[in-house]
Amino acid sequence: MRYVAGRLTIAVASLAAVVVAGFFLFRILPGDPVRAMTEGREVTAEQREELRRQFGLDQPLWQQFLDYASGLLRLDLGMSFQYREPVAELILNRLGPTLLLAGTGTVIAALLGLFLGSRAGWRPGGRPDRVHTAVALFFWSVPTFWLGLLLIVFLASGRGFIPGMFPTGGMVDPRTDGLADTVLNTAWHMVLPITTMVAVIYAQYLMIMRSSLMDEKGADYLTTARAKGLRDALVRRRHAVPNALLPTVTLVFLNLGQVVSGVILVETVFSWPGLGQLFYSGLRVPDLGLVQGLFVVFAASVILMNLLADLVYPLLDPRVRP
Amino acid sequence: MSAPAGTPGPPETDDHTGGGTTAPPTPRALARRRRREALRRFAREYARRRAGLVGLAGLLAIGALALTAPLFIDQAHLTVTGAPGTAYEPPSARFPLGTDNFGRSILDLVVWGARVSLTVGFLATAVSVVLGTLVGMTAGHFGASGGSAGRFVSSALMRVTDWFLVLPTLVLAVALAAVLPRGTGTIIIAIGLTVWPATARLVRAQTLAVEARPYVERARALGGGHAHVMLWHVLPNVMPVVLAQTTLLVATSIIAESTLAFLGVGDPTTVSWGGILDAARNSGAISSGIWWYMVPPGLAIAVVALSFTLCGRALESVINPRLREQR
Numbered sequence: 001m002r003y004v005a006g007r008l009t010i011a012v013a014s015l016a017a018v019v020v021a022g023f024f025l026f027r028i029l030p031g032d033p034v035r036a037m038t039e040g041r042e043v044t045a046e047q048r049e050e051l052r053r054q055f056g057l058d059q060p061l062w063q064q065f066l067d068y069a070s071g072l073l074r075l076d077l078g079m080s081f082q083y084r085e086p087v088a089e090l091i092l093n094r095l096g097p098t099l100l101l102a103g104t105g106t107v108i109a110a111l112l113g114l115f116l117g118s119r120a121g122w123r124p125g126g127r128p129d130r131v132h133t134a135v136a137l138f139f140w141s142v143p144t145f146w147l148g149l150l151l152i153v154f155l156a157s158g159r160g161f162i163p164g165m166f167p168t169g170g171m172v173d174p175r176t177d178g179l180a181d182t183v184l185n186t187a188w189h190m191v192l193p194i195t196t197m198v199a200v201i202y203a204q205y206l207m208i209m210r211s212s213l214m215d216e217k218g219a220d221y222l223t224t225a226r227a228k229g230l231r232d233a234l235v236r237r238r239h240a241v242p243n244a245l246l247p248t249v250t251l252v253f254l255n256l257g258q259v260v261s262g263v264i265l266v267e268t269v270f271s272w273p274g275l276g277q278l279f280y281s282g283l284r285v286p287d288l289g290l291v292q293g294l295f296v297v298f299a300a301s302v303i304l305m306n307l308l309a310d311l312v313y314p315l316l317d318p319r320v321r322p
Numbered sequence: 001m002s003a004p005a006g007t008p009g010p011p012e013t014d015d016h017t018g019g020g021t022t023a024p025p026t027p028r029a030l031a032r033r034r035r036r037e038a039l040r041r042f043a044r045e046y047a048r049r050r051a052g053l054v055g056l057a058g059l060l061a062i063g064a065l066a067l068t069a070p071l072f073i074d075q076a077h078l079t080v081t082g083a084p085g086t087a088y089e090p091p092s093a094r095f096p097l098g099t100d101n102f103g104r105s106i107l108d109l110v111v112w113g114a115r116v117s118l119t120v121g122f123l124a125t126a127v128s129v130v131l132g133t134l135v136g137m138t139a140g141h142f143g144a145s146g147g148s149a150g151r152f153v154s155s156a157l158m159r160v161t162d163w164f165l166v167l168p169t170l171v172l173a174v175a176l177a178a179v180l181p182r183g184t185g186t187i188i189i190a191i192g193l194t195v196w197p198a199t200a201r202l203v204r205a206q207t208l209a210v211e212a213r214p215y216v217e218r219a220r221a222l223g224g225g226h227a228h229v230m231l232w233h234v235l236p237n238v239m240p241v242v243l244a245q246t247t248l249l250v251a252t253s254i255i256a257e258s259t260l261a262f263l264g265v266g267d268p269t270t271v272s273w274g275g276i277l278d279a280a281r282n283s284g285a286i287s288s289g290i291w292w293y294m295v296p297p298g299l300a301i302a303v304v305a306l307s308f309t310l311c312g313r314a315l316e317s318v319i320n321p322r323l324r325e326q327r
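For the record, the sequence lines run as chains R and G. The numbering of the first sequence is this note's numbering, which starts it at 1 and goes up by one. The numbering of the second sequence is this note's numbering, which starts it at 1 and goes up by one.
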């Protein structure tokens with residue numbers, strides 16, 4: 001119970017820090033939001049004042065912060081300067097596609113990474129280990145967005161000797177009708193974005209699983225299992241891997257920040273109508289209200305996921321139960 | 001990096017100082033000789049790692065190319081108005097990598113981009129390494145020997161570090177770059193301020209390990225203050241680990257720079273690899289399949305990042321004996 005309370009306190013403090021940072025980062029730093037909003041357009045002084053009043057920028061700073069914080073409690077993230085719509089509404093509308101993309105990508109990447117990692121870590125320095133580590137290292141060194149661009153140029157653009165097999169972007173063709181057709185079309189649109197995401201984030205799962213399995217290798221119960229005469233593959237699958245999986249759980253959650261980064265880039269490259277693309281469109285204007293809201297949402301979701309990992313882990317592993 | 005690591009200062013105490021049994025060489029000369037030998041041992045050990053050598057060779061080649069670029073590239077050809085060719089020329093003898101939408105040579109752009117990308121990579125790494133070392137060493141030192149107030153400071157610092165560690169790096173860097181005025185300096189700060197926590201954690205762990213050694217206790221017993229212990233005893237022993245981490249961080253920073261440029265928060269006045277990719281996407285070259293516009297800059301990023309990673313991993317395995325055994 002004390003453990004849970006401690007974790008909750010830390011999570012709440014982190015969230016509060018995110019809110020404070022999210023607010024002051026976008027206010028105190030040089031740059032006037034109104035000027036940024038009206039850049040490149042002719043505006044009169046009255047229009048500026050009107051905008052200031054509309055977004056509450058004429059209030060003292062502490063008053064603005066209190067309004068902002070209390071708004072957050074009511075899930076009001078402020079207004080988007082660009083869309084003239086509440087940020088929370090924009091985010092809700094775009095949440096589905098992002099969850100679909102990030103969820104599918106993470107699950108595939110985790111399964112692939114953990115599987116390959118268990119292969120690599122079983123015999124460190126062996127052939128599978130060297131191959132998988134090298135490949136993972138290569139993909140880790142490649143910028144996510146470039147990999148996506150490559151896939152578009154060679155597999156979707158239809159130029160050169162390779163026919164355009166996949167759509168260059170978007171989530172679903174508006175001309176589809178019927179549920180089955182829509183699902184199939186969406187899946188078809190998802191192939192390239194998911195491939196990009198998996199290629200970039202599976203490496204971390206691989207490395208985590210590899211080192212976790214290497215830690216587990218000297219354990220006595222593995223000697224016992226071998227002494228029973230079990231085949232090597234069985235020792236790995238039934239005995240070593242389940243135990244090595246435990247520490248990976250928290251680390252998988254801890255690396256969620258990278259998934260967020262991956263989603264932003266993949267959605268930008270493939271024009272996927274989700275939060276990442278919204279973030280990009282906010283940056284381009286720049287629409288700081290929108291960027292601020294998304295900053296808070298991204299950071300908060302990562303913190304909540306970490307909290308979840310902290311709370312779930314003692315249930316999985318009795319050894320760390322306080 | 002920080003000053004005292006390389007400068008000859010007071011003789012360093014080591015785990016196995018035998019006292020003053022040998023009379024002729026001064027302690028300072030002894031220390032210098034020991035350092036030279038350690039360096040030679042280090043070079044020999046590093047030379048045995050093929051991947052590390054490949055990475056080093058790649059870095060030297062790219063570094064030389066970036067430094068000498070002004071000798072064989074006419075800067076006027078890099079501007080939109082002074083472009084030597086026509087738009088989207090495929091690779092030819094005159095333009096080995098083709099031209100972009102303004103008719104500039106892609107090869108020239110990529111070589112020139114190395115200058116910006118490497119500069120930002122190194123400077124951002126410097127910012128984050130200094131910050132990370134400072135925070136990590138302070139937290140480690142005062143956590144180990146600062147009384148209850150020290151422990152409070154230490155745990156507060158680590159809380160802040162953890163907070164930064166958890167936040168999605170890219171989102172934070174992009175937000176910073178978006179609110180600060182556009183420019184290379186902003187990019188350096190945005191990256192430096194977001195990638196330091198990993199260094200801080202590493203340095204703290206190493207500091208704690210060093211602080212537990214007897215020679216630190218000896219220094220303290222002889223009246224060495226916090227600053228003395230941290231600068232002369234902890235820092236030199238933390239530096240090797242930091243060095244390996246630094247090499248890995250440069251790769252991260254270069255990728256981060258290209259990412260920020262690609263998302264449109266980079267410095268629009270300079271040519272960087274991420275900026276070229278951003279331009280390629282915005283000019284519609286991607287969906288019309290102009291592959292020579294976007295393959296070279298991305299490949300350059302990948303090669304540089306991979307070289308730094310290979311070097312960093314080789315350094316790490318030389319420095320960290322635990323990893324060496326596992327090799």
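These are computed hints drawn from the structure, not numbers from a lab. Even for Gly, the Cβ is constructed at its ideal location relative to N, Cα and C. It cannot be assumed that every hint is accurate.
What the hints assert, rightly or not - Far from chain G, by Cβ distances over 10 Å, these chain R residues were calculated:
(1) 17
(2) 89
(3) 111
(4) 115
(5) 174
(6) 230
As the list claims (entries may be wrong) - If you anchor each label on the Cβ, the simulated ranges turn out as follows:
(7) R:220 / G:53: 37 to 47 Å
(8) R:75 / G:268: 27 to 37 Å
(9) G:51 / R:317: 29 to 39 Å
(10) R:186 / G:149: 55 to 65 Å
(11) R:221 / G:32: 26 to 36 Å
(12) R:220 / G:149: 57 to 67 Å
(13) G:268 / R:89: 25 to 35 Å
(14) G:283 / R:3: 51 to 61 Å
(15) G:74 / R:103: 33 to 43 Å
(16) G:283 / R:174: 52 to 62 Å
Checked hints:
Not every CB of chain G is more than 10 Å from the CB of residue 17 (chain R) (nearest about 6 Å), against its label as outside the interface. No Cβ of chain G comes within 10 Å of the Cβ of residue 89 (chain R); the nearest lies about 20 Å off, and the non-interface call holds. Separation of residue 111 (chain R) from chain G is adequate, the least Cβ-Cβ distance of about 23 Å exceeding the 10 Å criterion. Residue placement check: residue 115 (chain R) keeps its beta carbon more than 10 Å from all beta carbons of chain G (closest about 22 Å).
Every Cβ of chain G is farther than 10 Å from the Cβ of residue 174 (chain R); the closest lies at roughly 18 Å, confirming the non-interface assignment. With a closest Cβ-Cβ approach of about 25 Å to chain G, residue 230 (chain R) is found to remain outside the 10 Å limit, as its non-interface label requires. Look at residue 220 (chain R) against residue 53 (chain G): about 40 Å separates their beta carbons, and that is inside 37 to 47 Å. For the pair residue 75 (chain R) and residue 268 (chain G), the supplied restraint of 27 to 37 Å holds, since their beta-carbon distance comes to about 36 Å.
Range check, residue 51 (chain G) to residue 317 (chain R): about 35 Å between beta-carbon atoms, so the 29 to 39 Å window is met. A C-beta distance of roughly 58 Å is found between residue 186 (chain R) and residue 149 (chain G), which places it inside the suggested range of 55 to 65 Å. Hint check: residue 221 (chain R) to residue 32 (chain G), Cβ distance near 52 Å, so the stated range 26 to 36 Å is violated. Distance hint for residue 220 (chain R) and residue 149 (chain G): a CB-CB separation of about 44 Å, inconsistent with the stated range 57 to 67 Å.
For residue 268 (chain G) paired with residue 89 (chain R), a C-beta distance near 32 Å keeps the hint of 25 to 35 Å intact. For the pair residue 283 (chain G) and residue 3 (chain R), the supplied restraint of 51 to 61 Å holds, since their beta-carbon distance comes to about 55 Å. Our hint of 33 to 43 Å for residue 74 (chain G) and residue 103 (chain R) is violated, since their Cβ atoms are close to 51 Å apart. With their beta carbons about 26 Å apart, residue 283 (chain G) and residue 174 (chain R) fall outside the hinted range of 52 to 62 Å.
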